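Engineer: Let's have the full structure, built from the sequences with the hints guiding it.
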Amino acid sequence: MKPRWRRMLWWSLAALVLALAFAAYFQPAFMFDMATRIAMCF
Amino acid sequence: MSAIQRPLDLKTVLLATGVILTLAMGVRHGFGFWMQPISQANGWSRETYSLAMALQNLLWGAFGPFAGMVADRWGTSRVVIVGAFAYMAGLVWMATVSQPALFIIGSGIFIGLGLACTAFGAVSGIIGRAAPPEKRSWAFGISGAASSFGQFLLMPIEQTLITHVGWQSALYLLASVVVFLMVPMAFRLREPAVHKAGGHQQSIREAFGEAVGNRSFLLLVAGYFVCGFQLVFIGVHMPAYLADKGIADPKVAVTALALIGLFNIFGSYWAGQLGGRLPKRYLLSFIYFSRAAVIALFLVLPLSPLTVYLFAAAMGVLWLSTVPLTNGIIAGVFGLSHMSMLAGVVFFSHQIGSFLGVWLGGYVFDLRGSYDLVWAISIGLGVLAGLANLPIDERALARPRLQAA
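Protein chains in written order, with the working numbering: chain A, 1 to 42; chain B, 1001 to 1405.
Be aware that one or more of the hints could be misleading.
Under the rule of at most 25 Å between Cα atoms (straight-line distance), these lysine-lysine pairs were calculated in the DSS-like manner [as the list claims (entries may be wrong)]:
1. A/K2 to B/K1135
2. B/K1011 to B/K1135
3. B/K1011 to A/K2
Distance windows between CB atoms, simulated [said to hold, decoys possible]:
4. A/W5 to B/Y1282: 19 to 29 Å
5. B/Y1282 to A/P28: 17 to 27 Å
6. A/A19 to B/D1249: 19 to 29 Å
Honestly, the hints are just simulated from the structure, not real lab data. For clarity, every value in this text was computed on a predicted model and none was experimentally measured. Even for Gly, the Cβ is constructed at its ideal location relative to N, Cα and C.
Structural biologist: Here it is as structure tokens:
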């Protein structure tokens, strides 16, 4: 594989991992946990 | 474990330290999720768990210079192995100990030591030694990005673990992952005769004395104090501030958290990359001035979900971007022989700033019923840190006696 394609593959993989991690923040269970933590501030 | 003779390979060092930093910074970042289940299971008030977290952070800073000293003298590999087992012990301690004082002291010591031995300060020396001078800042940027990535990635993972396997099993699982991933990575960080690297034989006492007597080092220490103060104040008190102002929708807070995490990765990487081309002191000044400006704008503009997202993205870029630049200056001015120890000293001031940021936020809020004064202090400190970094002298120190030796 050419270095340019290899680099693009790595960047695409990194972007995919970041997108999946970002999406994980919006799972209902995570949101509920955050809401609980915010409520605990008071 | 014996020292090896092959030279350090930058790719190997970056990969190994990347895994170590991802875990070290990521696991601790989600500790807030355990506050409710641990407090509930043991019948504690939230104060007990909060105090344990505060002590962890302080001891992380206090152990830092010593962990760095050992890493510089006897090798990063050994320090990371000790750190991985201390981290594991701390997580198991958190899962099993139900006596409040023992919980606070034990988790504080074990996790604090674990972090001091596995986080950025401890591994910065080996990164500096593996990277040629022209790539050093970039390499620090990659490691900073790995730390940021850990914080971003592990929060939802830890929350999912608690939901699916329970809070105790989640801690046991993380303890296993820490040891089984960090220890093999530590073996990739063996280096030949660490204490002789750098070409001169300065003692720890001499290196420490030289640094604390150096104006530029003290200015870096002052800047890092501000960094810790601002970040932890915002990280801890932001949700309460938003709710006070009528934005209580958890979706806004979660989106802000995710944006800070995501942009933090890019900010750390870009800072490191730019630090290889531009004077690092000016970049650091720019970061602190920008933080002050972003906070001021956030307070002046009408508060809405959009301004919260913009604020989070901007602060995310500026979040850990100070780390590669500060460490880059330390490496450039003082050399690499005592790099980890000096990074640990500077980081201690970061942790004192963090402690004050959290505490002052709560104290002033109780006293005045608003965060306005602490926001104003954050802006003022940002401007002062921006000014403090301008006169830093980035040139390597001349050591005639040592060079002649």
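Engineer: All the hints need checking, so say for each whether the structure fits it.
Structural biologist: Checked hints:
At roughly 24 Å between alpha-carbon atoms, A/K2 and B/K1135 fall within 25 Å of each other, so this suggested pair holds. Only pairs whose Cα atoms come within 25 Å are accepted, and B/K1011 paired with B/K1135 is accepted, the gap being roughly 12 Å. Restraint check for B/K1011 and A/K2: the C-alpha separation of about 19 Å stays at or below 25 Å, so the hint holds. Distance hint check for A/W5 and B/Y1282: the Cβ-Cβ separation is about 37 Å, which falls outside the suggested range of 19 to 29 Å.
Between B/Y1282 and A/P28 the CB atoms are about 45 Å apart, so this pair departs from the stated range of 17 to 27 Å. In this structure the supplied range 19 to 29 Å holds for A/A19 paired with B/D1249, their Cβ-Cβ distance being about 23 Å.
Hint compliance for this structure: hints 4, 5 are not met, and every other hint is.
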